[in-house]
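Enquirer: Position chain X relative to chain H; hints supplied.
Protein chains in written order, with numbering that gives the first Met the number 0: chain H, 0 to 236; chain X, 0 to 236.
Hints were generated in silico from the structure; no laboratory data involved.
Be aware that one or more of the hints could be misleading.
Here are the simulated distance ranges between beta carbons [to be verified]:
#, chain 1, residue 1, chain 2, residue 2, range
1, X, R191, H, T33, 43 to 51 Å
2, X, R85, H, G23, 50 to 58 Å
3, H, G198, X, N209, 53 to 61 Å
4, X, S103, H, E46, 38 to 46 Å
5, X, C86, H, K71, 48 to 56 Å
6, X, M220, H, K71, 38 to 46 Å
7, H, R228, X, A127, 39 to 47 Å
8, H, T160, X, S103, 33 to 41 Å
9, H, G153, X, G187, 46 to 54 Å
10, X, S197, H, M220, 39 to 47 Å
11, X, I96, H, E46, 15 to 23 Å
12, X, T160, H, H83, 52 to 60 Å
Listed below are several chain H residues computed to face chain X (Cβ distance under 10 Å; list not exhaustive) [claimed, not checked]:
#, residue
13, F2
14, Y13
15, K40
No farther apart than 25 Å at their CA atoms in a straight line, the calculated lysine-lysine pairs in the BS3-like style are these [unchecked claim]:
#, chain 1, residue 1, chain 2, residue 2
16, X, K21, H, K190
17, H, K98, H, K71
18, X, K40, X, K71
19, X, K98, X, K71
20, X, K21, X, K105
21, H, K190, H, K217
22, H, K190, X, K40
23, X, K98, X, K40
24, H, K21, X, K190
25, H, K190, H, K105
26, H, K40, H, K98
27, X, K190, H, K40
For glycine and all other residues, C-beta sits at the position ideal for the given N, C-alpha and C.
2 protein chains.
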Amino acid sequence: MLFRQLFDQESYTYTYLIADTKVGEAILVDPVITLVQRDLKLLGELELTLKYCLETHVHADHVTGTKRLWVKTGCIGVVPAHAHIRCANQHIDNGEILKIGAISVKAIATPGHTDSHMAYLVNDNTDAPARVLTGDALFIRGCGRTDFQSGDAGTLYDSVTQCLFTLPDHTRVYPAHDYRGYTVSTIGEEKRWNPRFSGRNRDSYIDFMNNLNQPNPKKMMEAVPVNERCGRVAVAV
Amino acid sequence: MLFRQLFDQESYTYTYLIADTKVGEAILVDPVITLVQRDLKLLGELELTLKYCLETHVHADHVTGTKRLWVKTGCIGVVPAHAHIRCANQHIDNGEILKIGAISVKAIATPGHTDSHMAYLVNDNTDAPARVLTGDALFIRGCGRTDFQSGDAGTLYDSVTQCLFTLPDHTRVYPAHDYRGYTVSTIGEEKRWNPRFSGRNRDSYIDFMNNLNQPNPKKMMEAVPVNERCGRVAVAV
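Chain H on its own, in the form it takes in the complex (with noise of 0.2 Å):
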């Protein structure tokens, strides 16, 4: 398995590039539009076709890339199921799964920073300790905001606590953001370290995500309706 982490200096965001070198086909997943010609020189590169753009939500912090990498392309834009985001190629529920060559790669519904957010299990066929993909639902000692769109914190707690804790301890962890200079980690060290999860309960996580009081994002009014429109800026793309 190739897999690339790609950073956004601009919103922070890490966009990650997956293949199967064997086959030559490739995901991207939360691919971000002004870095659209970075990653189709990347692909070019190593030779590889891209077969999917994958969100993990629809973002509120930056433009997906999705629309502009089909156009140029043809891959299949995928975005969770219950974004509704009629525009996609195709949609994925929880427990579907994407296939390139021997990888996997597994939608784990992880609602509460958005209510239709998704995380990604990605499994190579190997002994290699699998990766998560946990978009905004949990980053590096921290996690996705719950206070816009269709935030949660209970929901969030729950997604976190119930469904990305319960993966092996060994599995790396490889967040949408991050805002301090942190790449990777694992679920054994985000359960003890993560300091909006780890020894605090449902109630007090609840009482200190709507206490945040942060700013909007500041691309939030424009970033949402065209993430909705799949990336799609204007009617001439």
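Expert: Same frame as chain H, but now just chain X:
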């Protein structure tokens, strides 16, 4: 082997944490002074003892965290021998190896960005592809500057093409900086796609590098003298 890539969003620097968790010992490569607290916290959470702080070179764009980490942990500060940094606890020369548990970190003299620059080849005694920390000699699809300190373009061309590019193609490349959101590459990829070296002969490379006309790094006048004192920012630390 535990291998963590850590990013400084101010200077676009990658610090690397390498540890043998069986013996509980760690190396930090190119720590950044402003992120010492982050790195100490992570070491504590992972229950690791910091054995070495290791520099690829005397940096011009950020102040090293080595002195501060030495004060806090008693680690051994290791600097390339030909940098003539007298305050270092230990010097490392071409071909010399630092060991922590089953992990070996071998110095590869790669002058050109500075005249004493080292890359480090990291092996963990398994069949996994080696990692090379390329410092400012080789970036992903780029390379370090050669127009200040003791830089020399022809020397860097020779270091990259005759030393780094003779490593096996599948060797994973981890640079000291990235400005476009890349995290990792391979020697094979860089031989084929790095625009500074691919299809360019030594004279053409020297001409290109000598005409970049970039401004000096913002922190150069502050960082270089402090780094020559191993990161000691004042008489009292």
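Enquirer: Against this structure, judge whether each hint is valid.
Expert: Hint check results:
Taking 43 to 51 Å as the suggested C-beta distance range, the pair X/R191 and H/T33 does not conform, at roughly 26 Å. Checking the proposed 50 to 58 Å range against X/R85 and H/G23 shows it holds: the Cβ atoms sit about 53 Å from each other. Judged by the Cβ atoms, the range 53 to 61 Å given for H/G198 and X/N209 holds: they are separated by roughly 58 Å. Separation of X/S103 from H/E46 is about 33 Å and departs from the stated range, judged on CB atoms against 38 to 46 Å.
Against the hinted window of 48 to 56 Å, the Cβ-Cβ separation of X/C86 and H/K71 comes to about 53 Å, which satisfies the hint. Take X/M220 and H/K71: their Cβ atoms lie about 45 Å apart, and the range 38 to 46 Å holds. A hinted range of 39 to 47 Å for the beta carbons of H/R228 and X/A127 is consistent with their spacing of about 43 Å. A C-beta distance of roughly 40 Å is found between H/T160 and X/S103, which places it inside the suggested range of 33 to 41 Å.
For the pair H/G153 and X/G187, the supplied restraint of 46 to 54 Å holds, since their beta-carbon distance comes to about 49 Å. In this structure the supplied range 39 to 47 Å holds for X/S197 paired with H/M220, their Cβ-Cβ distance being about 43 Å. Remark: the range hint 15 to 23 Å for X/I96 to H/E46 is contradicted by a beta-carbon distance near 36 Å. A C-beta distance of roughly 54 Å is found between X/T160 and H/H83, which places it inside the suggested range of 52 to 60 Å.
The interface hint given for H/F2 holds, since its Cβ lies 9 Å from the closest Cβ of chain X, which is under the 10 Å cut-off. A cut of 10 Å between beta carbons decides the hint on H/Y13: the least distance to chain X is about 9 Å, and the hint holds. For H/K40, the interface hint holds, since its Cβ comes within 10 Å of a Cβ in chain X; the closest pair sits about 9 Å apart. About 21 Å separates the Cα atoms of X/K21 and H/K190, which keeps this hinted pair within 25 Å; it holds.
Restraint check for H/K98 and H/K71: the C-alpha separation of about 22 Å stays at or below 25 Å, so the hint holds. With a CA separation close to 12 Å, the supplied pair X/K40 and X/K71 stays within the 25 Å bound. The suggested pairing of X/K98 with X/K71 holds, with an alpha-carbon distance near 22 Å, which does not exceed 25 Å. Distance check on the hinted pair: X/K21 and X/K105 sit about 20 Å apart at the alpha-carbon level, within 25 Å; holds.
About 31 Å separates the Cα atoms of H/K190 and H/K217, which puts this hinted pair outside 25 Å; it is violated. The suggested pairing of H/K190 with X/K40 holds, with an alpha-carbon distance near 16 Å, which does not exceed 25 Å. A distance of roughly 23 Å separates the Cα atoms of X/K98 and X/K40; the hinted pair therefore holds under the 25 Å criterion. A hinted pair counts as satisfied when its Cα atoms are at most 25 Å apart, and H/K21 with X/K190 qualifies at roughly 21 Å.
Proximity of H/K190 to H/K105 is assessed by CA-CA distance (about 21 Å); at most 25 Å being required, the pair is judged to hold. A hinted pair counts as satisfied when its Cα atoms are at most 25 Å apart, and H/K40 with H/K98 qualifies at roughly 23 Å. For the proposed pair X/K190 and H/K40, the alpha carbon gap of about 16 Å is at most 25 Å, so the pair holds.
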